[in-house]
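J.: Those sequence lines, one after another, are chains A and B. Take 0 as the starting number for the first sequence in numbering that gives the first Met the number 0 and just add one per residue. Take 0 as the starting number for the second sequence in numbering that gives the first Met the number 0 and just add one per residue.
The hints are simulated quantities; they were obtained by calculation from the structure and are not laboratory data. Just so it is clear, CB atoms sit at the ideal spot from N, CA and C, and this is done for glycine as well. Fair warning: there could be bad hints in the mix.
Estimated spans, in silico, between C-beta atoms of each pair [what the hints assert, rightly or not]:
| # | chain 1 | residue 1 | chain 2 | residue 2 | range |
| --- | --- | --- | --- | --- | --- |
| 1 | A | 433 | B | 60 | 31 to 39 Å |
| 2 | B | 86 | A | 498 | 43 to 51 Å |
| 3 | B | 86 | A | 507 | 38 to 46 Å |
| 4 | B | 86 | A | 415 | 37 to 45 Å |
| 5 | B | 61 | A | 485 | 35 to 43 Å |
Derived lysine-lysine pairs resembling BS3-like cross-links, with alpha carbons at most 27 Å apart [as the list claims (entries may be wrong)]:
| # | chain 1 | residue 1 | chain 2 | residue 2 |
| --- | --- | --- | --- | --- |
| 6 | B | 22 | A | 474 |
| 7 | A | 400 | A | 319 |
| 8 | B | 22 | A | 319 |
| 9 | A | 407 | A | 319 |
Chain by chain, the residues:
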Amino acid sequence: MTISSFPPGLILVFGAFLLPVVGAWVRPLLVLGLPVLTMWLIWTIPEGNSAPIALMDYNLVIVQVDTLSRLFAIIFTLMAFAGGLFALNQKRVLELSAAFVYAGSAVGVAFAGDLITLFIFWEIMALGSTLVLLSAGTPQATRSAGRYFLVHMFGGALMLTGIFFFIYDTGGIAFTAMKPDTVATALILAGVLVNAAAPPVSSWLADAYPEASFSGTVFLSAFTTKAAVYVLIRGFPGTEILVYVGVFMIFYGIIMALLENDMRRILAYSIVNQVGFMVTGVGIGTEMALNGAAAHAFAHIIYKALLLMSAGSVLYMTGKRKCTDLGGLFQSMPLTAFCGIIGALAISSFPWTSGFVSKSMISQAAADEHLAILWYILMAASAGVFLHAGIKFPWFVFFQKDSGLRPKDPPWNMRLAMILFSAFCIGLGLWPQYLYALLPYTVDYEPYTDSHLLNALQLLLCAGLAFFLMLPLMKRTLTISLDTDWFYRRLAPKVLGGLGALIGRADTELRRGAMSRLNIMLEYLLLHHGEQGSLARTRSTSGMVLVATVLLGGYLLFSYL
Amino acid sequence: MTNQTDKPKLTPTASDPAKPASKPHWLVRKGTIVVLWVVGLSVIAGLTYGDVFLTPHPHFGLDGTFGFYSWYGLLTCVAMVLVAKFLGLFLGRKDTYYDD
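Generate coordinates for the entire structure from the input sequences, incorporating the hints supplied.
T.: Rendered as structure tokens:
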């Protein structure tokens with residue numbers, strides 16, 4: 000049916016511009032009210048397409064509602080609400096405004112019915128997220144925001160070029176399932192994968208997100224990568240290469256997080272890991288796998304935001320972010336520790352949490368398709384998640400050693416946001432039918448069978464055992480790990496710097512050579528044409544007459560010969 | 000944008016030299032940790048033994064072996080930590096590496 004052309008996400012986008020101009024007491028009402036209004040619109044809007052709006056030769060379908068788009072719009076809006084609640088005491092209004100533009104455009108992406116609308120909202124997301132990062136105001140954040148923006152402009156350029164080719168090839172702009180077998184669709188896929196933090200550019204995520212403010216990272220964790228997952232589910236289901244890309248991301252995230260010392264970088268790497276599960280699910284491409292990827296994106300936004308709220312609370316209260324500086328905080332921050340542990344259990348797919356009912360659908364899909372190696376890999380990866388995020392984060396931040404820090408739990412709004420999302424993590428785990436009802440395909444899957452429960456507990460507890468057995472090897476050090484961002488942060492400047500120096504030297508030598516040649520020429524000219532030069536000397540009239548007479552005499556003589 | 004920082008406010012430390020060191024929290028006392036290890040290992044043993052009561056319906060073969068999820072989880076995690084440590088030898092840099 001034909002529905003309204005007003006994208007619900009624009010409530011957040013336009014509302015964002017009100018936030019800086021309203022009074023301090025109205026702002027919280029807007030921050031909480033705008034997402035509620037958006038959510039109401041998303042719930043009530045019927046399925047269908049909006050009337051086409053002509054733009055040059057193309058008809059834009061700005062709003063296209065189906066189960067999949069509604070699912071992502073709901074979770075993006077829920078995230079805007081909880082993130083806004085968590086950030087109520089963020090003094091930089093710019094961050095809140097940028098975050099709402101960012102969230103609203105993510106909702107716009109979810110409802111985009113054509114490639115041009117998709118691209119427009121996609122780029123607004125890039126702008127919004129860069130501003131969220133930039134508003135942290137530190138020199139590191141500023142530099143990081145620059146790199147983040149460049150990577151995303153690169154991804155956007157790939158996508159736009161792909162869309163141009165697509166229009167040239169097909170004459171249409173419809174956003175439907177594609178196969179990356181033409182230059183056009185391959186470029187679009189590459190552009191989407193940049194946002195999904197797929198290799199070889201995965202490093203932008205861990206480079207950027209941990210530099211945002213205590214609340215900024217919470218917003219950043221939710222939208223960009225999951226909007227990319229949404230586009231993959233709708234645009235590239237069953238694309239085999241995504242399985243390999245996803246598996247790489249899963250292990251990249253685990254390994255890098257295991258080596259990391261900064262608590263928010265651990266969680267940033269684990270985003271790549273979790274998105275890897277979703278990308279793998281899209282690559283498998285069956286209804287079960289796509290349901291799993293969508294459900295996992297939904298669950299992931301909640302528990303990852305919860306984990307980053309917990310880490311953000313620690314940062315807010317202590318100003319510290321390195322595991323080597325933290326430890327023992329469970330004593331004075333019991334609620335933050337408790338909520339962090341709930342998030343950690345959910346990300347680890349512990350039974351009775353949201354991760355358990357979503358991620359297991361992806362491994363079940365691999366089993367159903369008889370993808371043996373992939374299934375073994377996913378099992379190992381599930382254990383690895385508990386290892387690198389599920390235990391590592393809470394252990395090093397809240398237990399480990401007594402750092403001597405005794406910060407209190409954060410202010411009420413931050414506590415409330417954490418409690419809300421903890422409740423979602425547990426609620427979705429206990430009553431998965433409500434999540435399953437929102438999924439794009441009918442769910443024929445029961446996560447709570449005896450064997451599945453027992454096997455999951457065996458796997459996770461033994462992963463935990465491995466963590467504590469290997470604890471001496473896990474000792475945190477003041478190190479970072481080189482990642483692919485090294486190429487543009489170190490190698491490229493070095494190469495370009497070297498090239499610049501080379502060009503500079505060549506230029507100096509060339510100039511010096513040219514100048515010395517010029518000098519020789521000038522000296523020569525001076526010799527002959529200077530004041531004392533043979534050609535410029537003043538001669539006496541009688542002498543000149545004599546020369547003329549001799550010349551004429553000579554001429555006369557020769558004419559008679 | 001304002002100039003306010005994200006405030007590393009507060010941070011009263013426990014290690015106040017004027018006060019005598021108080022007893023550590025019950026959860027981090029040596030006795031508790033021993034109990035936690037014993038309980039944890041017993042639970043793992045119990046869960047692994049639980050395989051006896053289930054009718055195995057393996058997907059592929061290896062996953063039908065006794066206690067598959069236990070030993071597989073343990074071994075793969077140990078392997079991942081070792082691989083990470085190994086890669087860390089090459090990738091690790093001081094955390095001030097990019098600061099200059």
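J.: With reference to the structure, classify each hint as holding or not holding.
T.: Comparing the hints with the structure gives:
1. A:433 x B:60: 31 to 39 Å: The hinted range 31 to 39 Å holds for residue 433 (chain A) and residue 60 (chain B), with Cβ atoms some 36 Å apart.
2. B:86 x A:498: 43 to 51 Å: Violated - the Cβ-Cβ distance for residue 86 (chain B) and residue 498 (chain A), about 30 Å, lies outside 43 to 51 Å.
3. B:86 x A:507: 38 to 46 Å: Given a distance of about 43 Å, which is inside 38 to 46 Å, the answer is holds.
4. B:86 x A:415: 37 to 45 Å: Check passed, 41 Å falls within 37 to 45 Å.
5. B:61 x A:485: 35 to 43 Å: holds (38 Å)
6. B:22 x A:474: holds (25 Å)
7. A:400 x A:319: With a Cα-Cα distance of about 15 Å, the restraint between residue 400 (chain A) and residue 319 (chain A) holds, given a limit of 27 Å.
8. B:22 x A:319: It holds: about 25 Å lies between the C-alpha atoms, which stays within 27 Å.
9. A:407 x A:319: holds (14 Å)
In the structure shown, a violation is registered for the earlier hint numbered 2 alone.
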